[in-house]
Amino acid sequence: MDGFHDLGGVQGFGRIPHTINSLDYKKVFKQDWEHLAYTLMFLGADHMKLYSVDEVRHAVERIEFRQQANTQYYERYVIATASLLVELGVLTQEELDEALGSHFQLARPAQSQGRPAITGRPPFEVGDRVLVRDERVTGHIRCPGYVRGKEGVVLHRTTEQWPFPDTIGHGDKSAAMQPTYHVQFSNRDVWGDACDDGFVVVDLFEGYLDKVPQQGGRA
Amino acid sequence: MSNPSSSAQTSTPGERAWALFKVLNDKKLIPAGYIEGLTDLLANKFDPANGARVVAKAWSDPQYRELLLRDGTAACEEFGYTGPQGEYIVALEDTPTLKNVIVCSLCSCTNWPVLGLPPEWYKGFEFRARLVREGRTVLAELGTELPKDMTVKVWDTSAETRYLVLPMRPAGTEGWSEEALSKLITKDVLIGVALPKVG
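If you're matching them up, the sequences are chains A and B in order.
Our numbering applies: residue 113 is where the first sequence begins, and numbers increase by one.
Our numbering applies: residue 182 is where the second sequence begins, and numbers increase by one.
Errors might be hidden in some of the hints.
Said to hold, decoys possible - Pulled a few chain A residues facing chain B out of the computed Cβ check, cut under 7 Å:
1. GLY120
2. GLY121
3. VAL122
4. GLU207
5. ALA211
6. ARG254
7. GLU272
8. GLN273
9. MET289
10. THR292
11. TRP303
12. GLY310
13. VAL313
In short, the hints are calculated from the structure, not lab data.
For every residue, glycine included, the Cβ atom is placed at its ideal position computed from N, Cα and C.
Okay, chain A solo, but in the shape it has when bound (with noise of 0.2 Å):
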């Protein structure tokens, strides 16, 4: 999804509000409400089993873009959680307005079912280049736009799999089991001249990924 959560690369932002080892964060939950974030949305996604991490970060996607400008972090996730409550029926937004006694903005609907994986292609190897194929999608991805059609070369794959992000982001259980790649491209090949040097590896899926075949001299 193209959405206002899709930040890499993005220019226009002030400096980092931060210098290096503040002791900041020591307390971790700073107002009084905001452990029920990630305490809310795990009872939803892990004790009663309703939906997976996946659909949640999508639900904070699904957030009216302006809206999802002016949330604090930890109000975004409140949002989706209760957004993905109300889709599955467990409660309703009567109930929620009513607890509320105003309107409680939730998330948009989404705009897509989702969409499988690309399966039954040989793995890639270390050191293999890949491109990132270009594609448009409109439900939940975890590609970010900046290395869309960008070829890197391959790291590291993992020795685990995983449900492939763009199905079971959508509730649907039917997503292939998929292995990621850590793929490394040069700031230059992304943003040309108007970047730093150096590099940034992104964790990929394999549907997200073709193989680049060998040129010669170009490894």
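Starting from the known structure of chain A, fit chain B onto it as the hints suggest.
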């Protein structure tokens, strides 16, 4: 009002969180002690002191270092530092010419059991947008100036791998105990935005 979402919001984030809690609680869907137990795990048990012990041992014990770099999950499991958001762990080795830094540009994914929950700034839009593209500039702004010949490699946590940075052991720490070494390893050192400093 041109913004339908903001005009509809007459409540605070806390009021909305507690409203969700109330609806679930009224339906008796929250087991006794569930919120309290999980909150204690997230806020108190998941701590960067865990990652500091892992790094100090890797600095002191070559066999453990080799294990950490080959199978980070097994190495962290030796201390019991695995769990939610820390089930497939990879350690990133800094060298004299390479500085590794971790981010999650799409949300906030972090190696919770080893690093602790992510701090506000790590989840902020500024860090998520900027680090992948201008890592050296971001580190300098935060207070970490890197030598020109050191390459910055940013790891975007976009799937299930959860990272920790294994920094270079600073000079002047020869013969130090693991406990003394672990004091040099802060949360920011494990994320990769800071270098361990003696004194």
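Results of checking the hints against the structure:
The beta carbon of A/GLY120 is positioned within 7 Å of a beta carbon in chain B (closest approach about 3 Å), and the interface hint is therefore held. For A/GLY121, the interface hint holds, the least distance from its beta-carbon to any beta-carbon of chain B being 5 Å, beneath 7 Å. Taking 7 Å as the C-beta cut-off, the interface hint given for A/VAL122 holds, the closest approach to chain B being about 4 Å. For A/GLU207, the suggested interface contact is upheld, since its CB lies about 5 Å from the closest CB of chain B, less than 7 Å.
Given hint, A/ALA211 at the interface with chain B, holds; its Cβ is 4 Å from that chain's nearest Cβ, closer than 7 Å. With a least beta-carbon distance of about 5 Å to chain B, the hint placing A/ARG254 at the interface is held under the 7 Å criterion. With a cut of 7 Å, the hint placing A/GLU272 at the interface with chain B holds, because the nearest CB-to-CB distance is about 6 Å. A distance limit of 7 Å between C-beta atoms decides the matter here; for A/GLN273 the minimum to chain B is near 9 Å, and the interface restraint is violated.
Interface restraint check for A/MET289: the shortest CB-CB distance to chain B comes to about 11 Å, outside 7 Å, so the restraint is violated. Annotation: interface hint on A/THR292 holds; nearest CB of chain B at approximately 4 Å, less than 7 Å. With 7 Å as the threshold, the beta carbon of A/TRP303 comes within range of chain B, its nearest partner Cβ sitting at about 6 Å, so the hint holds. For the restraint placing A/GLY310 at the interface with chain B, the shortest Cβ-Cβ distance is roughly 4 Å, inside the 7 Å limit, so the hint holds.
For the restraint placing A/VAL313 at the interface with chain B, the shortest Cβ-Cβ distance is roughly 5 Å, inside the 7 Å limit, so the hint holds.
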